[in-house]
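Undergrad: Chain by chain, the residues:
Protein chains: 2
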Amino acid sequence: MSSGKILVAQGGGPTAVINQSMVGVALEARRFHDVKRVYGARHGVRGIVDEDFVDLTQETSHNLEGVAATPSSALGSTRDKPDLKYCQEIFKVLRAHEIEHFFYIGGNDSSDTVRIVSEEAHKANYPLRSIHIPKTIDNDLVANDHTPGFASAARFVAQAFAGVNLDNAALPGIYVGVVMGRHAGFLTAAAALGKKFPDDGPHLIYLPERAFDLAKFLADVKTTYERYGRCVIAVSEGIHDAAGVPILSMLAKTVEHDPHGNVQLSGTGALADLLCEEIKSKLGYKRVRGDTFGYLQRSFIGCVSDVDQREAREVGEKAVQHAMWGAVDGSVTIKRTGYYSVDYELVPLNVVAGKTRVMEDEFIAANGTDVTDAFRLYLRPLLGSGMPDAFRLRQAAVAKVLTAK
Amino acid sequence: MSSGKILVAQGGGPTAVINQSMVGVALEARRFHDVKRVYGARHGVRGIVDEDFVDLTQETSHNLEGVAATPSSALGSTRDKPDLKYCQEIFKVLRAHEIEHFFYIGGNDSSDTVRIVSEEAHKANYPLRSIHIPKTIDNDLVANDHTPGFASAARFVAQAFAGVNLDNAALPGIYVGVVMGRHAGFLTAAAALGKKFPDDGPHLIYLPERAFDLAKFLADVKTTYERYGRCVIAVSEGIHDAAGVPILSMLAKTVEHDPHGNVQLSGTGALADLLCEEIKSKLGYKRVRGDTFGYLQRSFIGCVSDVDQREAREVGEKAVQHAMWGAVDGSVTIKRTGYYSVDYELVPLNVVAGKTRVMEDEFIAANGTDVTDAFRLYLRPLLGSGMPDAFRLRQAAVAKVLTAK
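Chains as they are written, first to last, in my numbering: chain A, 17 to 421; chain B, 17 to 421.
One or more hints might be untrue.
[Said to hold, decoys possible] Simulated DEER-style distance windows between Cβ atoms:
1) B:Ala112 x A:Asn383: 45 to 55 Å
2) A:Lys351 x B:Lys232: 40 to 50 Å
3) A:Arg303 x B:Gly354: 11 to 21 Å
4) A:Met340 x B:Ala231: 56 to 66 Å
5) B:Gly354 x A:Arg243: 32 to 42 Å
6) A:Lys232 x B:Leu234: 53 to 63 Å
7) A:Lys351 x B:Gly402: 44 to 54 Å
[To be verified] Some, not all, of what chain A presents toward chain B, calculated at C-beta under 8 Å:
8) Asn79
9) Gly179
10) Gly300
11) Gly370
12) Val374
Please keep in mind that the hints were generated in silico from the structure rather than gathered at the bench. The beta carbon of each residue, even a glycine, is placed where N, CA and C say it ideally should be.
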């Protein structure tokens, strides 16, 4: 006799479309007669061990649709990274609540949690189906063409750079925009999709996939400024030197560390400010401005890719179908099948779990400070419909009267 | 015999809709048979003294419409603040090019430039009609209900806070968002329009209209955190102590000054970082994150108020009508006539020139850290149609099984 109870939770950093996946699970699950209750855990795995559940079955479909279109994690999230003991606690609670299907929406850490919980259930001979649903603005999950959440964040970054490029052209100077991404540069590289005219910025893009050299950076900036009379730069927060030391910790006097011992990169404007200071002091340029896109890039309401929304919803729905009709646990992945079309596939959890994808070499220009056309081709359809377009005057010059003589 | 030449220029910080005004001038002017050439000066008054003109008459109306919908100043801008001698240079060039109508789109400094140029023409008995067209995201022009450019920036700020509030609810902590505005807090106050549910952030708003006290700030944050388990804060970059000293210069070790001797506030994440550091070190909270909205708030492509677009276009058109049909120079202003409707009025240049409006007391809550309903009523229609809406789960709790015992 089946309990008919399923549980869905959201982990890690929020995205603009993670609620689409959660709602995809909730609504698709209710189409199965066996499902009696759809629970949501508040604040990810933390809410599971605390038995902090809400009953999504009691939500109206109208409100769920409203939540689906709302950015950030409606159930709440957590930065907890469960170890074996923590996962055993999770399993204990799932069993106590007779939960038979567990869906966890998150990145590679979350997929590893699902993997361990799945193993615990197997060892205990408890009939639990555990499915990982992909999500991350960093686009760093292996086995996926791309991940839900990335496209909307990429769209924000592209639109932001299209705008600051126009601002920088109006009041010329040097602009440094720092974008999220510790190991993978996909989101920073998305800045290139804000370019339209050949002399548009970003003129320089610095990715964590390439070692950052301060002297070369300054030389690049100088060359660009001399050529265009201005310079727009996209920098990943995760840039590091050849030895892997984050540039932020090289330049900053004090840095904060997260619970995993990593340097805290987001939530501070320090890297942009430090790079601006280097440019001002070493190159002598005056109008040097830095922005850190911070939390806006992952949570801004009203800048979302419709393609991303649709896919985020579908991975949630497919997860439920795999759980209900399938006999194995796994991670739902996105496969590109055409230009542009996708299909979804369930892969074993250990294929995705704990692994990090970085930008492929074919996506990075040989000079290391630009993207390739292959990357533009890859990213463009993900940004969705209705991308704003920038126009400029064609500037027919008028003959001088006074100074012409 | 009229030369039929008019000149339009854009000054100061770009906005999302300043090109609407420029295109409004260009297209409306061509409906007058007397107008033979519409020139644009590149980079504001700097382009006038340099005789750096482009012929907008040669632009297609299609391209002009594309430019109108593009943020930032398509003609380029300048931070030059002309004195009497500079204005005399401007006048000299206008006369040399037989320009009979001069339109300058800008803030209060720009209106002062128009005022002096107008006086010079009058003294020289040269038939020049000079019209100032309002523009500023700061909303700090007197005699205007509001200024073109403000509404779109306000919409960005409201949408940004709606998003970071959701992010902060998912991963609770303290968030500081720094918004532009040296003297006027309108744009920072717009953060309040991102709130929907009663416990939504921003929970605290700090405006330059009220003296900032660090001890009170920390006490406010503590009270809010203890109440909601999190705290979202909107801070104007222009906050200062009771003596008028900018908080940035009190907390920072080094500050940059602009050509007018003011502390450089934008283009650095320092204020957000310094406030976060105070919260961490004095209150002991761990997850404290700061963002500086920087240039995104005034130049982001794809976040614009349709009301703002329409009004920015209309002030450009009305400027031309006043210039062609009227006998006096002046500044075009926006008057609110209903909820929501506006009309435009030409006022003498010295009414607007060089004056700064700040937020009216009736718009600021008695506690000094919130806005009033009067402000919400004032701002809401300006944000335009299609504002995104945030939904949340209603969270029906599930009974605990393990810990209930």
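Undergrad: Of all the hints numbered above, which does this structure not satisfy? Sort the numbers upward.
TA: 2, 3, 5, 6, 7, 10, 11, 12
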